[in-house]
Amino acid sequence: MKSLVIIPAYNEEKSIENTVRDIMQNAPEFDYVIINDCSKDNTLAVCKEKGLHVLNLPVNLGIGGAVQTGYRYALQNGYDYAIQFDGDGQHDAKFLHEMRDYMIQNHTDMLIGSRYITKEGFQSSSLRRFGIRYFSVLIKLLTGARITDPTSGMRMVNRDIIKLYANVYPKDYPEPESVVAILRMGKKVEEYPVIMRERTEGVSSISPLKSIYYMVKVTLAILVERIR
Amino acid sequence: MMTAKIQLIIGACLIVALIMIVNMIKRRSLELKYALSWLVAIFFVLVLDCFPVLLVKISSLLGIWAPVNMIFFLGFCFSLMIIFILTVTLSRMSERVRKLSQAVALNEEKIDQLMKEKEA
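As they're listed, the protein sequences go chains A and B.
Residue numbers for the first sequence follow the numbering used here, beginning at 1 and rising by one.
Residue numbers for the second sequence follow the numbering used here, beginning at 1001 and rising by one.
Just so you know, these hints were derived from the structure itself, not from any lab.
Cβ coordinates follow ideal geometry from the N, Cα and C atoms, glycine included.
Here are some of the chain A residues that sit facing chain B, going by a computed Cβ distance under 10 angstroms:
#1 Val33
#2 Ile35
#3 Cys38
#4 Leu55
#5 Asn56
#6 Pro58
#7 Gly65
#8 Gln68
#9 Thr69
#10 Arg72
#11 Tyr73
#12 Gln76
#13 Lys171
With a Cα cut of at most 25 angstroms, we get these calculated DMTMM-like pairs of lysine to aspartate or glutamate:
#14 A/Lys171 - B/Glu1108
#15 A/Lys40 - B/Glu1108
#16 A/Lys171 - A/Glu13
#17 A/Lys163 - A/Asp31
#18 A/Lys14 - B/Glu1109
#19 A/Lys119 - A/Glu198
Here chain A stands alone, though its shape is the one from the complex (with noise of 0.2 angstroms):
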């Protein structure tokens, strides 16, 4: 059972060697692999210099872009799963395991790590809550599904999604719509309690003033995504 943990970082130079380390001693039979986003501080020779295992990417091709690598590196190696995990000290290694045996025993295609099951650690701040219940309900009523955490980063597939994924992938802001884009096709996505830290180093890719259009881009795209 080949199990990948696909870390995308952009200017992660201060947290990435202790993401990783997390997931050396909470989860060591997972391999990783860390996606250089074309970063703008140290994070490539961070790697390089601690022998982290990394892909570089030649140019900046965003969250979606970048994820969609670590898939293609998990398809052409042969993972039978693959799990996104964010490289700024958000998630927690130590659930991989749970996650994954979840996983096998309740055939699942995708499960998502949700914060707002047992709503323990870290709930991110009342606004983002707010776009976060948004989601939901839409994904709700478009595909009867429930998601509570559409935008989770945390996510575990199987094999089956993997080759979805590195065939298409959303560009940029990739979570809830490509959720919604396997749950069209009929796959099993179930959500799994997590618990989540405040981000350590870093800022969020989404800042107030993006969020507007964040909030429009991804209701068209998972509107589009409902006639495709």
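Starting from the known structure of chain A, fit chain B onto it as the hints suggest.
What follows is chain B alone, placed relative to chain A:
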């Protein structure tokens, strides 16, 4: 009716644009494929500029009073069309850039792994 003055001004602008585009094609800084739509647009507006009678006929057919407005209107439509085609091309290009960069990253990693194996 169009005055001879505006006819001349429009004509001169079109000729200058034409020379510039042809020059750029010659220097290969503009691909003929993308210049084609511009050349066609210039050609049409030039014909209409030289023979305003045509313009009067088409304008009255479309219910436009001043023929000069017709030129602007046509030019505007052409520009919009070209901009739209460019947006489509851009989408395709960005998809290609994405695929290429991903392939580069994946191949680079393969080389790294091979080098490591060789050293070991």
